Amino acid sequence: MERWLKSVAVVTGASSGIGAAIAKDLANAGLIVVALARRIERVEEIRAELSPKVQPNFYAIKCDVTDRNAVNETFDWIEENLGGIDILINNAGTLFTGQIVTADIDKMQNVLQTNIMGVVLCTQRAFKSMKARKVDGHIVNINSITGHYIPSLAEPLMMNIYPASKYAITAINEIVRQEVRDLGTRIKITSISPGLVDTEILPSSLKNLTMLRSEDISNAVLFALSTPPHVQIHELTIKPVGELF
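Taking my numbering, the leading residue of the sequence shown gets 1, the next gets one more, and so forth.
Be aware that one or more of the hints could be misleading.
[Claimed, not checked] Lysine to aspartate or glutamate pairs mimicking DMTMM-like chemistry, simulated, CA-CA at most 20 Å apart:
#1 LYS131 x GLU79
#2 LYS6 x GLU80
#3 LYS53 x ASP104
These are calculated hints, taken from the structure and not from any lab test.
Since we're looking at a predicted model, the values are computed, not measured.
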């Protein structure tokens, strides 16, 4: 991780779970971290847990990734105050329990806006910053195994549109890899697809199953970032030992 010391890393959905773990680990690794979330008070609490030496390099900013104006204002601030973006961790995501055939349309629309368009908005701004400064940056998309196949259990998972949103991330991950290559950059694109992770958005009906911890996913992010410039971890799947699907 030495090559990233004092580099600027943006982490979306950093108020809890995977995003919080990634933001803390990157800050402790010597990076300048901009932690974005709607629940800014939760991010401030995370910052307060860091050592006094690390805290000055940890910025908590309120940002809803579904709001184009908020995203643009946030990334403008980063450009003006920190010089630009070197790493983007697209982690913000949402999930609710229900069926596609009966669920509330507005709720499903919010999942799509958060899980897909939020990634697109942030990726565009990060890419623009990296390309303009000729930085070989890194974009990491926190995906899901449901972005590759739909698990089948005795009890239906009731994830409605969520797997479709993650299938979209799998496609976007490959499309962006090809695009940044064709545009003459050496920006890396990584998708990390965990199995069940013990986070707030996980339905309570699944809490009795074998699960990963948020720190496990953060370790994978650091691994992908620590590869040499010529190595790209494009897709990484992580499962807990003994997972049922």
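Structure-based check of each hint:
no.	hint	in the structure
1	LYS131 x GLU79	holds, 13 Å
2	LYS6 x GLU80	holds, 16 Å
3	LYS53 x ASP104	violated, 46 Å
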